[in-house]
Amino acid sequence: MIVLENITKRYNTRQGASTVLNGVSLQVKPGEKIGILGRNGSGKSTLIRIISGAELPTSGSITRSMSVSWPLAFGGAFQGSLTGLDNLRFICRVYGVDFLPCVDYVEEFSELGRYMREPVKTYSSGMRARLAFAISMVVEFDCFLIDEVISVGDARFHAKCQQELFEKRRDRAMIMVSHEAHNIREHCSHACVISEGKLNEFTDINAAYEYYQSN
Amino acid sequence: MGITSEVSLRRSGRIQARVIWALLMREIITRYGRHNIGFMWMFVEPMMFTLGVAALWSFAGLSHGSSLPIVAFAITGYSAVLLWRNMPGRCVGAIEPNLALMYHRNVKVMDIYASRILLEVAGATISFTILSLLFIAIGWMPYPEDIMKVLVGWFMLAWFGGALAFTVGGLSAMSEAVEKVWHPITYLMFPLSGAMFMVEWLPDVAKNIILYLPMVHGVEILREGYFGSAVRAHYDILYMGVICLCLTLLGLSLTREVGRRVTPE
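Chains as they are written, first to last, in this note's numbering: chain G, 1 to 215; chain P, 1 to 265.
What the hints contain is simulated information worked out from the structure, not anything from laboratory work.
Check each hint, because a few of them may be wrong.
What follows is a set of in silico ranges between Cβ atoms, one per label pair, in the way DEER data are often shown [as the list claims (entries may be wrong)]: (1) 151(P) <-> 1(G): 48 to 58 Å; (2) 16(P) <-> 122(G): 30 to 40 Å; (3) 155(G) <-> 39(P): 17 to 27 Å; (4) 27(G) <-> 16(P): 40 to 50 Å; (5) 44(P) <-> 81(G): 18 to 28 Å; (6) 59(G) <-> 18(P): 27 to 37 Å; (7) 33(P) <-> 103(G): 39 to 49 Å; (8) 103(G) <-> 30(P): 16 to 26 Å; (9) 168(G) <-> 97(P): 30 to 40 Å; (10) 67(G) <-> 188(P): 32 to 42 Å; (11) 30(P) <-> 96(G): 20 to 30 Å; (12) 38(P) <-> 61(G): 44 to 54 Å.
Dumping the calculated DSSO-like pairs for lysine-lysine here, alpha-carbon to alpha-carbon at most 30 Å [as the list claims (entries may be wrong)]: (13) 121(G) <-> 29(G); (14) 108(P) <-> 198(G); (15) 121(G) <-> 160(G); (16) 121(G) <-> 108(P); (17) 121(G) <-> 180(P); (18) 160(G) <-> 29(G); (19) 29(G) <-> 108(P); (20) 149(P) <-> 108(P); (21) 180(P) <-> 108(P).
Here are a few chain G residues that sit away from chain P, every Cβ distance over 12 Å (derived from the structure) [what the hints assert, rightly or not]: (22) 32; (23) 79; (24) 92; (25) 95; (26) 111; (27) 154.
Idealized CB from N, CA, C, for every residue including glycine.
Based on the sequences and whatever the hints tell you, model everything.
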């Protein structure tokens, strides 16, 4: 279970404080799949980062009684000057996973070939997504946080994500940010819309989309 | 603000050790690479500095007519400078290149500083040990008279450098001006740090002033350990300890505050 209570996040900008999240509460039960909708800059990624613990809220509390992944997003989580393989090594060390047995799996899943031994900063965004996804499958989490990353990539990558994440790990919880409606419709049981710092929960995804589009 | 998760202190310790180790290994790869001598640059680089300085001081006859062997004088002095000065230098602006890694919840600002500090301590210590053994073996340097005292002096300097590193690192994350100011400060501190002189050689007025600087005490302890009765050392280990303790507290609280504000890339 993950419980967010009354989370507020404020950033100090040059024009003064800007409140991105204002009193957000949310519960994520084991196995639950929640989609997050919102306009650009509405605070979706901030919310994901606060759930992951990468960022701390300005006020409010988070309780995590299940393991939560890092945000699987375009940027972040990897050191650009390190190779894919060295990044894998780093993450294995941080999460206490044996490195050697993972290498084959990640190489095969990411299909990066010799690029596994090149710095990540030379990768395209599709390659980064493949690496991020493959590495995150090496560490087992109860809850995966997915920030847009499955929207890139070709049909084959989608098919693999489908199998590894949504079939093999369908018992896990998932919080997903995506601008592509079909991702959320396909995989989530309900959805939340962030607007003006507030989180509105909808048990019906169509209702969530209606609200999202009318705002 | 409460972040609750049921993790025991022992388990937290294990996670932190794991994270610091991961960061340390990562740092070794990004800094030294796998080409030519790889991670050995960690101590070869400070060794080159120290050897160069030892050679220069030998030519310049910097031992002020005292009976101290100049090579030993230079190696104890310059190694001490490398030890306390490089740690803060490595922690200034250390967060920025690591922002992406802070996507991982357990990677904290504290761990980034700690891994860099450990790497500097290791490099300076290995360099100092190898050079000492080398010059003792060829007879240019005497055996240390009191090895325990050498270790105490070295430990105090490492503690001072580490505490200073947390403080300066934390401040540099709060204001960019710190990075600019830090370089001239270290540069000007070098001749005052006790590396190039013994306090005994100074006039009485200067003695009292110079002993306000904590690292001077550390160098004096180190040299007393090395040269024993050949020198008259001036130090107050309690004074240095209190300063180090205060700096540690200040440094850790600054680091915590910075960690609270940090926004991963």
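Do the hints match the structure? See the list:
1. Roughly 51 Å separates the CB atoms of residue 151(P) and residue 1(G), a value that falls within the hinted 48 to 58 Å.
2. Taking the beta carbon of each, residue 16(P) and residue 122(G) are about 32 Å apart, inside 30 to 40 Å as hinted.
3. A hinted range of 17 to 27 Å for the beta carbons of residue 155(G) and residue 39(P) is inconsistent with their spacing of about 43 Å.
4. Checking the proposed 40 to 50 Å range against residue 27(G) and residue 16(P) shows it is violated: the Cβ atoms sit about 29 Å from each other.
5. Judged by the Cβ atoms, the range 18 to 28 Å given for residue 44(P) and residue 81(G) holds: they are separated by roughly 22 Å.
6. The hint said 27 to 37 Å for the Cβ distance between residue 59(G) and residue 18(P), and at roughly 30 Å that hint holds.
7. Taking 39 to 49 Å as the suggested C-beta distance range, the pair residue 33(P) and residue 103(G) does not conform, at roughly 21 Å.
8. For the hinted restraint 16 to 26 Å between residue 103(G) and residue 30(P), the CB-CB distance of approximately 20 Å keeps it satisfied.
9. Residue 168(G) and residue 97(P) have their C-beta atoms about 35 Å apart, which keeps the hinted 30 to 40 Å range intact.
10. Taking 32 to 42 Å as the suggested C-beta distance range, the pair residue 67(G) and residue 188(P) does not conform, at roughly 50 Å.
11. A beta carbon spacing of about 22 Å between residue 30(P) and residue 96(G) agrees with the range 20 to 30 Å that was offered as a hint.
12. Between residue 38(P) and residue 61(G), the C-beta spacing of about 46 Å keeps the proposed range 44 to 54 Å intact.
13. In summary, the hint linking residue 121(G) to residue 29(G) is not supported, as the alpha carbons are separated by about 36 Å, beyond the 30 Å threshold.
14. Between residue 108(P) and residue 198(G), the direct Cα distance comes to roughly 29 Å. Compliance with the 30 Å bound is thereby established for this hinted pair.
15. Distance check on the hinted pair: residue 121(G) and residue 160(G) sit about 24 Å apart at the alpha-carbon level, within 30 Å; holds.
16. Between residue 121(G) and residue 108(P), the direct Cα distance comes to roughly 23 Å. Compliance with the 30 Å bound is thereby established for this hinted pair.
17. A hinted pair counts as satisfied when its Cα atoms are at most 30 Å apart, and residue 121(G) with residue 180(P) qualifies at roughly 29 Å.
18. Distance restraint check for residue 160(G) and residue 29(G): the Cα-Cα separation of roughly 25 Å lies within the 30 Å cut-off, and the hinted pair is therefore satisfied.
19. A C-alpha spacing of about 27 Å is found between residue 29(G) and residue 108(P), which places the hinted pair at or below 30 Å, so the restraint holds.
20. A distance of roughly 35 Å separates the Cα atoms of residue 149(P) and residue 108(P); the hinted pair therefore is violated under the 30 Å criterion.
21. A C-alpha spacing of about 25 Å is found between residue 180(P) and residue 108(P), which places the hinted pair at or below 30 Å, so the restraint holds.
22. Remark: the non-interface label on residue 32(G) is consistent with the geometry, its nearest Cβ contact in chain P lying 19 Å away (cut-off 12 Å).
23. Remark: the non-interface label on residue 79(G) conflicts with the geometry, its nearest Cβ contact in chain P lying 6 Å away (cut-off 12 Å).
24. Annotated as non-interface, residue 92(G) brings its C-beta within 12 Å of a C-beta of chain P; the closest such distance is 8 Å.
25. Residue placement check: residue 95(G) does not keep its beta carbon more than 12 Å from all beta carbons of chain P (closest about 8 Å).
26. The claim that residue 111(G) lies off the interface holds: its Cβ sits roughly 23 Å from the closest Cβ of chain P, which is beyond the 12 Å cut-off.
27. Non-interface status of residue 154(G) relative to chain P is upheld: no Cβ of that chain comes within 12 Å, the nearest being about 25 Å off.
Violation of the numbered hints given earlier is confined to hints 3, 4, 7, 10, 13, 20, 23, 24, 25; the remaining hints are satisfied by the structure.
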